[in-house]
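Below are the chains, spelled out letter by letter.
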Amino acid sequence: MDPAGVFSTSFARDEALVRTRGQWISLILFILLMFLMPYLVGPRLIAVLSVMLITGVVVIGLQINTGYAGQINLGQAAFMGVGAYTAAILASKFGLPFWLTIPLAGACSALFGFIFGLSALRIKGFYLALTTIAAQALFHFLVLNLPSNWVGGSNGISLEPASLFGFVFDSDRSIYYLCLVVTIIMTYGAFGIVRGWHGRAFVAVRDDDVASGMMGVNVVKTKATAFLIGAFYAGVGGALWAYYVRFVAVDQFTLFHSIWFIAMIIVGGMGSIVGALVGVVVIKAVQEAFVSMGPDLVQIFPQLGGEMVFAMLNIFLGGTIAAFLIFEPRGLMHRWSIIKRSYRIWPFPY
Amino acid sequence: MIDFLTYLITGALVGLLYALIAMGFVVIYRASKVFNFAQGELVVFGGFVVWWMVVDAGLPLWAGLPLAFVVAAAFGLLIERIFFSKLVGESVFAMVMVTIGLLILMRGLILVLFGPAVRPFPIVFPLQPIFLGDILIPRSLLIGGIITVIVGFGLSYFFNRTRMGLRMTAVAEDHQVAMSLGISVKRSIAFAWILGALLSTLGAVIYLSGKSLNFLASEIGMTALPVALLAGFESIAGVLLAGIIVGVIQGLVTGYVDPAIGASFGTVVPFVIMLAILFIRPTGMFGWKTIERV
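Protein chains in written order, with our numbering: chain U, 1 to 350; chain B, 351 to 644.
These are calculated hints, taken from the structure and not from any lab test. Note that this is a predicted model, so its numbers are computed, not measured. One should not assume that every hint holds.
Simulated pairs of lysine-lysine, DSS-like, Cα-Cα distance not exceeding 25 Å [to be verified]:
hint, chain 1, residue 1, chain 2, residue 2
1, B, LYS436, B, LYS383
2, B, LYS383, U, LYS124
3, B, LYS383, B, LYS639
4, U, LYS221, U, LYS124
5, B, LYS536, B, LYS383
6, U, LYS124, B, LYS639
7, B, LYS561, B, LYS436
8, U, LYS221, B, LYS639
So that you can see chain U by itself, here it is in the shape it has in the complex (with noise of 0.2 Å):
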């Protein structure tokens, strides 16, 4: 909802993603402060941070699979760490550059996607989000058993930072910029999508697959697009992740990532691209508060032991999930939404 006085007079403006001139400046000033945010926190934060856009990819192209065209995925992160590994290798064997491994991890990891969001073909709901259990399972075990010299195996893969015209990325604040800039365009580009013919047919496949395939949408293409889709920018923040850490492993991609993704999500809100965002600031900010407070709680309840620390976040996450389900199952962006209309339309009710 526009607020009072804000009138669209052409089809453009109608349907233009930034409203207002507030919108607008609120944007811009934004992002000046993302980039500026290497100059104004500490070196741990711009981590922080960095996981979060990273992650932020990663979501958003959930966000379209699951939020949008409503296909739950479970293989998110094995998706992630198909894009990861093929930048790893690409990067460390090719000795290509980053420009070139970041889109190519994004078209190998969708590829991979595609494949199974063709089984949309012959099944649907929740059998489709058993094959990417599958998925998961079946990454595991091609990385874990090919030859290790093509994909290293147990041992992980290492990789040179990325570089561009002799400036590399290796510190952290180096890095930050690199994710924040994949990330906005990445962002961007999934407005673009869910606002176009694409995102309409997702919407309209979540809503009812059967209505949507009397009214000449083609059910089976639309759900393996957003398999596409969202495996693509599991591949590219996959890629960017591999920059990150300089090393791969099989064991940052679990089934308990992809549930994670999902978490995000669900306490975002489904069908938001910024509830997506929102979710991951969320979920990874009380993650990290977690993780930093954990040794401050050992020292004072001694009995707990390291351990704890990672149960009582998983405890914090499972009730967080269900809890969203119960009492708020369209995430923190329709409560948003909510304060916003209501401060509108102030002081009349409605």
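Given the structure of chain U, go ahead and fit chain B onto it with the hints provided.
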């Protein structure tokens, strides 16, 4: 030949164990159309409760085991009361997502309640194997297999022939319709979760008897998925056959293919089977075909 028969029989018995775990899936699915991703965690929880009763509290087996089953049933009821009674009438999507939340929650809960250490599981069935000629059969799996078959046919009768079982099927079909016919949706779902928890604990007892236990044992929940899928999620007796098929294939692959390629292909065989079923016949062998209308 002896090798072949050993792989075959052990595979079939392991398959029956998968079938028992898969029954937990099917029971909850039959009664609420909810796909319980936390099945493996229920197994681990059941295992830890048995450990708690028999090893930690030092109760004798004849008192500790029944008590453990009572605790597991109470836990199943608790899950329903806390989560699923609030979701009556909500979409299946939300309920399945809650089971994913439950998976994570229980993992943490198990760590907090029982600690991260690897625990010895009590020896419920005698350890020495049975020799059939030259073929060696693990005793716990054999006894477990017999129990599984009995439980499978019993549950099948319950769901297809008794009033309570048919009620639960009606609830799975549509909450609103079931309610308007005077069926208590909450009670049916609660009963399904109690059954699921009990079956998981039984599975834990057979699976873990005489072995060690920590939260990684939940992997068996994911391995049992293909079994439930091959049977078709609605069929309980079919799970037995599906379990034997998956178990035998896995046993033979582990026996013959793994040494040849030098990799543990056997562990992913269930998932390969799962993908194959999903692509060829998603409703499984005995699943119900549904017709959808707008």
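Results for each hint:
1. For the hint pairing LYS436(B) with LYS383(B), the CA-to-CA distance comes to about 16 Å; that is within 25 Å, so the pair holds.
2. A hinted pair counts as satisfied when its Cα atoms are at most 25 Å apart, and LYS383(B) with LYS124(U) qualifies at roughly 14 Å.
3. As the CA atoms of LYS383(B) and LYS639(B) are separated by approximately 14 Å, the hinted pair is consistent with the 25 Å bound.
4. Restraint check: the Cα-Cα separation between LYS221(U) and LYS124(U) comes to about 13 Å, which is no more than 25 Å; the hinted pair holds.
5. For the given pair, LYS536(B) sits about 14 Å from LYS383(B) by alpha-carbon distance, which is consistent with the 25 Å threshold.
6. Proposed proximity of LYS124(U) and LYS639(B) is supported: the alpha carbons are some 13 Å apart, at most 25 Å.
7. Restraint check for LYS561(B) and LYS436(B): the C-alpha separation of about 38 Å exceeds 25 Å, so the hint is violated.
8. Using a Cα cut-off of 25 Å, the hinted pair LYS221(U) and LYS639(B) holds, with the two alpha carbons roughly 23 Å apart.
Checked against the numbered hints above, the structure violates only hint 7.
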